[in-house]
Amino acid sequence: MTDYSHVTDDIEAIVEDTELPRRLKDRVYDTIEDREGVTTEQADEIARAVESQYVDTRVDPLEPVGTVSAQSIGEPGTQMTMNTFHYAGVAEIDVTQGLPRLIELVDARKTPDTPMMTVYLEDEYAEDREKAHEVVWALEATKILALGDVSTNVADMLVRIDLNEETLLERWPTVDSAELVAQEIAETIDDKLGVSTRQQGMAIEFGPNEPSYRELLQLVEQLRDIVFKGIEEISRVVIRKEETDAGEEFVLYTEGSAFGDVLDIEGVDATRSTCNNIHEIREELGIEAAREAIINETVDTLREQGLDDVNIRHLMLVADIMTNEGTIESIGRHGISGSKDSVLARAAFEVTVNHLLDAAIHGQSDDLDGIIENVIAGKPIALGTGDVKLRMGSIDSTPADD
Amino acid sequence: MQTPKQLGGIRFGLMDPETYRDLSATKVITADTYDDDGYPIDMGLMDPRLGVIDPGLECRTCGQHSGSCPGHFGHIELAAPVIHVGFTTLMRRLLRSTCRECGRLTLDEMQMEEYRDQQERADELGKDPDTVLKAAVREARKAGTCPHCGEPQADIKHEKPTTYYEVENVLASEYSEVIASAMQPDADDEEDEGISPSELADQTGISLERINQILGGEFRPLDEDRRALEKALDVDLTEEDMNKLMPSDIRDWFEDIPDSDIEVLGIDAENSRPEWMIMTVLPVPPVTARPSITLDNGQRSEDDLTHKLVDIIRINQRFMENREAGAPQLIIEDLWELLQYHVTTFVDNEISGTPPARHRSGRPLKTLSQRLKGKEGRFRGSLSGKRVNFSARTVISPDPTLSLNEVGIPDRVASEMTITINVTERNTEEARQYVANGPEQHPGANYVKRPDGRRLKVTPKNCEELATKIEAGWEVNRHLVDGDIVIFNRQPSLHRMSIMAHEVVVMPYKTFRLNTVVCPPYNADFDGDEMNLHALQTEEARAEARVLMRVQEQILSPRFGENIIGAIQDHISGTYLLTNDNPDFTETQALDLLRATRVDELPDPDGENETGPYWTGRTVFSLLLPDGLNLEFTSSTGGDVVIEDGNLIEGTIDEDAVGAFGGEIVDTIVKQYSETRARVFINEVAALAMRAIMHFGFSIGIDDESIPPVADEQVDEAIDSAYDRIEELIDTYENGDLESLPGRTVDETLEMKIMQTLGKARDSAGEIADDHFSDDNPAVVMARSGARGSMLNLTQMAGCVGQQAVRGERINRGYEDRTLAHYEENDLSAEAHGFVENSYRSGLTPREFFFHAMGGREGLVDTAVRTSKSGYLQRRLINALSELEVQYDGTVRDTSDTVVQFEFGEDGTSPVRVSSDDDFDVDVEGITDRVLEAEFDDAADKEAFIGRREPPTNLSEHTEPRFEEVESDD
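Protein chains in written order, with my numbering: chain A, 1 to 402; chain B, 1 to 970.
Some clues are possibly wrong.
In silico PhoX-like pairs for lysine-lysine, Cα to Cα no more than 20 Å straight-line [to be verified]:
1) A/K379 <-> B/K386
2) B/K142 <-> B/K127
3) B/K375 <-> B/K869
4) B/K449 <-> B/K469
5) B/K461 <-> B/K449
6) B/K5 <-> A/K379
These are calculated hints, taken from the structure and not from any lab test.
Bound conformation, chain A alone:
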């Protein structure tokens, strides 16, 4: 034991001998250290008392925690609302809430209905509004309509863009002159549309290579979709000043998500920023982070509905089984239920006939280990009291005759 002066070897031996988890053992040491001069005898009593309290609240062996957790999440589902769409913390961004969101999470959809990110900032970016805005401009997809006016000149078959100098300087804070930005924009248009542009001051003009009215209109349409700055997927960024653990700071909320790209942007605090797409989190941060994300997202969804009394351990179990394979598996026939070993268990869930036919082709066999199979076969299930191998019985006085 490193730095405890009041914890003797005897005390340590006693405490280490208990069934307590590390966390509680350390708490016991800390407390004994704190109180000073605890005798070995007293320490024993303390350890025993703590242990008996701990053991009292522990889950019983053979407890069917899976079913209990599933029920504990499913049951409040009946109390959730369907069409809440509004106001998740930030009034300006609509996020899917309630039952649809919960279903989306356990379905492990590739993209959520309303992707969003919460981006925390580092150091001076978090404190200085100007600096924070730099990050905003790096995130938000900037399209031409945000930068200036677009007009079409049908007579000369030209598209004319009048850029707003102030906006340019605001959105490209690192560039000194608007002229340079305008040049850059013109070049981007060159590349993306395959036309030759003429740029003069804040004005950019270009037309179709061959005069055609349809072509001209098409160019305008395409022009609108070009992303000049920022990340294409992020359509909007809201900046808010918030009170966090780190004090008052600026936090960005985005509509749309591109988690991988965002983490690389300067000023973004990659340790705290999150996103509501669990697949993106898995790709960027790994499976453990994805597990954590599933837990957080489900907790948040339940809390929004006033159902945060659901014990977090239930949500952990769901997250753990979804991430058990190292990838995110959905709950349902395309995921966990569809990849069960037992043919009967799969057939009893969904798409009954196909599972039976496939099993026949591959010559699979069902060993009747699971729960559903044994219900079907009419045997006791290996769960709870059915899993106890010890039996109470009496010895038959007459020898067995078979």
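With chain A's structure known, arrange chain B on it following the hints.
For chain B alone, coordinates are given in the frame of chain A:
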């Protein structure tokens, strides 16, 4: 007696036609079922060798009678091979990936080896073998020629459901015309002069003579010549030729595929040869699987499967006759297709693209696949969930005199449902008494079983005589009596507290009776709800039910770790009235309040007034609390509740204290004392509260929601001023001066601001109404105490109903630019968009009523959609998690021993014992202090604090020590 056999496992595979023939009890050749005398026809579909369903007949295969004969398969020899619809996709894949000539997989040895390895790996990991199969097929399809025999491969086209074509590119029939037109000069292009035959000959290297022959249609340019021509003229000279593959062709093809190649695809060659997917023999299910029903008029109605089999046999017969008569190929092919159709629908009648086979009435037939599929299918309807005996269902009604552990059972149910008792030397007398009472007198018996296994019905006539014969070794099926344990359930069974064990109390009348405090776990009310009851049949089941499933063991919900059973509704109003103003009671009154509890002695009076000694409400309540209970919390009624050593010192007992869903006192008693103590407490609180509410009198009527005219005026004023503000908002909006909120359009901003203003208007109406209600107003009492209703309900009844919303917005639908024809177009005012300024008491105007109905309808639709969605979510969750269990080592594993968590919930703590609200942890500091300060009365007290507390096993309210003893145990 036969030893019961247990299923060890099930292996799946295809069946060899030869095995079918071997197993078959008979060949079926006649499409008819019964002859004119009503006897089954030999070699017909109801052949007695296929099993018997009519009582009295004997099975010609096993010799047993109906009921014990399991039935036997027969077979039909199909005139021509027919494809099994279930395997069409796999057949397509096999056709595409194997050689049309030699039948081998079109992969070289290296690739085969690789896929074989992948297949093995998938097998080890328990992954789906189909993924590897798909990859291998995709790879094999790339091969243009067979790597084994060099045969070029044709593409396979699959026309759903059961037709396959080989697609080959052959020379188009009008090749000469195509070439000629390509040689003509282009009409639009003046410079193009076309190509002369001699030029073409030069370019292609074909002799001019040949070119002319080709142009004349006398010579068919093949392969090289064709390609040269195509290149020179830039035309396509080929067309697709579709060659239909008959099932017999496919069968021959598949027969050539060697076992070793098939295994690369993960197909079990030993048990499932691919050619067996094409049926030459059709098994005929036993009669027992398709029983016919005799209708009232004596007519027989056949099962859907039998109908389908009749069709198959008829066509099969016709096919054979036509073929023997040498009918033209076209007719044969038609008949073949028809046979295929019937066999297809026999297997699955819901194939897309195929019209379903229909019954004479027009109803689609329920064939093999339909029998297995879906909720009512074999798997979910008959195997995973079964109908059971020893169960009862009836309407429920409340009975506050029962304990929460009990259930009242109508005597007629009790004398129908039985429990088996094994007669031994020690209970012979008891058993005889039951039998002697007969089946009609209540604690009687319905059946007895002799040691030789024969069951005898107890009748009023034979009961006396039968009773004397009862001896050890008999079994008696006796009626349910008081104290028996039964299982009680209300659907939907959303959590484990939806099924709990109760002790029987036999009662008159026809409903199940239960204590009102168990309504929350069942989510039951008494507006016509029905519940199910099951009598347990084995000693093990009864023991488990008593120890684990009894209501008192389920007081804590594993969802949030607090009590789900506790006082509800009037109980809470009652305790509120009893403790809020802490009224005084005389001795008679106090004892009357406590008459339904175990308390029969009052403590020293709290004081004396004109009428004599008095006891306060809190003192009376304190009598129910266990000794030594110390608790302090803040209730939402306002004010702290302080309990010291089992005495309520201060505070109002409301929902937060004793209510279901986490009432502090109940929760603490279960966790610190015992389930039994908590049960007693809840029962007594309910009883006391009922006496209390009756003592004070409690009623609610329409006058309780009326407010004085002054208040009405104030409400109107508040609403009017809100209208003014909205008008201002609309003006600014129309002038274009409205500043939009960040991220919102101006329209949205206006809507939000209007909604906000109207929300505030309703709130202030509520406040005004609230001010004019006295504290003893019953609606206020209920809302404050948490018994029922909220202040919002009260606001809506007395003040103003407020804005009606559809999809979270003001009502915006109806006519173009307006909600109703009563309003101007584009009227943005409050009343035109569903603001209800009246209260429920004053009544709604027709327009308001309409808007209110719109909002109400949305709520109904929402609930309907939600129940189905959340039901499916729950089914999926349970299916995915059902196999998880905590092991003795603390890990959470599924039944194939895969570890999902190393410790449940990261700390092994049970969600039942720990409230999810507080950040639970063992109070190490507190424990240390207590040990160090050594404030224990004696060694026993100390040991009780330090040592493990083994909870007593409670079996029944009636076998437990009397309550006083329980309390002294604590």
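Holds or violated: B/K461 to B/K449, with C-alpha atoms at most 20 Å apart: Satisfied, since the Cα-Cα distance of roughly 17 Å is no more than 20 Å.
Distance restraint between B/K142 and B/K127, which requires alpha-carbon spacing of 20 Å or less: violated, 25 Å
20 Å Cα cutoff - pair B/K375, B/K869: holds, 16 Å
Restraint check for A/K379 with B/K386, where alpha carbons must lie at most 20 Å apart: Given pair A/K379, B/K386 holds - Cα atoms ~14 Å apart, limit 20 Å.
Restraint check for B/K449 with B/K469, where alpha carbons must lie at most 20 Å apart: holds, 11 Å
Distance restraint between B/K5 and A/K379, which requires alpha-carbon spacing of 20 Å or less: Within the cut-off at roughly 11 Å; holds.
When the structure is compared with the earlier hints, a violation turns up for hint 2 alone.
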